[in-house]
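Residue numbers (my numbering), protein chains in the order written: chain A, 1 to 439; chain B, 440 to 540.
Treat the hints as calculated values from the structure; they're not laboratory data.
One or more hints might be untrue.
Claimed, not checked - Computed list of chain A residues with no C-beta within reach of chain B, every gap over 12 Å:
| # | residue |
| --- | --- |
| 1 | F113 |
| 2 | D135 |
| 3 | E261 |
| 4 | S349 |
| 5 | Q367 |
| 6 | K377 |
| 7 | F400 |
| 8 | V413 |
| 9 | A417 |
Said to hold, decoys possible - Here are the simulated distance ranges between beta carbons:
| # | chain 1 | residue 1 | chain 2 | residue 2 | range |
| --- | --- | --- | --- | --- | --- |
| 10 | B | R478 | A | S206 | 21 to 27 Å |
| 11 | B | D464 | A | N187 | 31 to 37 Å |
| 12 | A | E140 | B | Q474 | 55 to 61 Å |
| 13 | B | Q474 | A | E280 | 36 to 42 Å |
Note that the structure is a prediction, hence the values are computed from the model and not measured.
Every residue, glycine too, gets a C-beta built ideally from N, C-alpha and C.
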Amino acid sequence: MTSDATEPDFDVIVVGAGLAGSVTAYRLAERGLSVVLIERGDVPGSKNLSGGVLYGRVLETVFPDYLDEAPVERRVTRHVTTFLTPDSAVSLDYSADGLAEPVNAVTVLRAKFDVWLAGKAEEAGAFLMPGVRVDSLLTEPGPDGAATVVGVRAGDDELRARVVVAADGVNSFLARSVGLRPKPPTNHLAVGVKAVIRLPRVDIESRFGVSGDRGAAHAIVGDCTLGIGGGGFLYTNTESLSLGVVLRLDDLLRSGHTAIEAFEHFTQHPGLAQYLRGGELIEYGSHLVAEGGYPMVGEVAMNGMLVAGEAAGLAINSGLTVRGMDLAIGSAIAASDAIAEAVASGDTSEAGLAGYRRRLDESFVMQDMRTYARAPKFLERPGMYGPYGELIADVLHHAFSLDGTPRQHLLTVARHALKRSPVALRQLISDGWAGVRAL
Amino acid sequence: MGGGASTVKPTTVPERLAVNSFQVDEDESHIVVDQELCRTTGTGAAIIAVCPASVYSEQDGLILVDQAACLECGTCLAVAAPGALTWRYPRGGSGVSYREG
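Could you put together the complete structure from these sequences and hints?
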């Protein structure tokens, strides 16, 4: 600390010890910058919640040995996507050894994982300040007249830095407070409601068809959300399951249902009983999810401040995979490189920090955000959450149910099923084409 | 293995919240509703519908707030009309404390 109010206390203040914040703090401390990592939870991770699948290849570029060091749960070698109807289930089940060598995705529990990651930042020299809520940004008029972020206020304390990193999560209060990012519309947001269910290791392995340190990730659409846009998930941890629904807010409000009804409908669905029976609830949580995709990214830098991770709207729901954590890490790599460059050059204005957006754009983060830019609009199409699952189930019912009537070609069966379904052929083609283009 | 034929035992929201760890801030509520705006803008009904923790309920036309149950997701704020809801994170160290996450 210094007596001169205009002299920064640190090179960088990082707000939020999630994946974006801790990786940013780690990489900057590694380079010898003075970094404080402020976290409102008593312990890093204690306020953080994800569905639980981390596509971890990008983390390996920062921590090559993270799989051995970090408290990861299981290595995902089986991805199952299921259309549920009230009384049937149709699944696409992909399992491959190739997903284990190299490891593509792992399940994590954030309260355990994030404390490890913040510890890495601390080891590298970042000063961790847990149990502190940042109340507001300190701003001053910059040389160009525009507001410049010069620090943060927490209670009666003020801390100053050359750069503040807002890694404060999807609600992004800091970026909102200075008008950098607007409050997102409800069709860009979803609420995730999750339970963690304890289950013996032997039951997990037999029910999900995995063994050792391997695990499965199930994505479920259709009847599980009461027709509300979104889906369900069921992931295997070492000795527990992560189970939940993600519900798009505009659709939830339109539906007349509550988030609680949708969650309870899903967790009691007969199609899930084979996996869950005998399990014991050990935690109940929720998280607001950024689902706006590319249009939601918007402004990520201003004089003296960068926005990283889900605070910058970085999340992708492609229908098959739901991603946020890997994008948060990718944004942290871009942010820390840009900040190191800006601090070295002595220019931490918006122009000096422009390397952040450039690096983001060049990296997989924005490339993937652009690739899936059409996905949110596609997934807003209502057929995805009811009629399609029923249509497929109907086709398969006629294909497998040998009731003594003469068999028909599958195409004929499908045509008849389509006639019975509320789905119009024109709509099926339109949605199918949109799906191919979006995903 | 596994025993009964049923799925995970059905639970109520209070039963689910009871397994969590909370540090309640007795001095400061992080949630304040504007009753008038909650009524006139429909925010009251919306926040009741979206909150996974039943923080909000309605009694005699008033929105009641059980801030101790809050999971701190911010979904209520996302659906609230401007001014109808003041919602911030609880003070450092208080509120929900995930052990799994």
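Item to complete: Of all the hints given earlier, name the ones this structure violates by number, lowest first.
Response: 1, 2, 3, 10, 12
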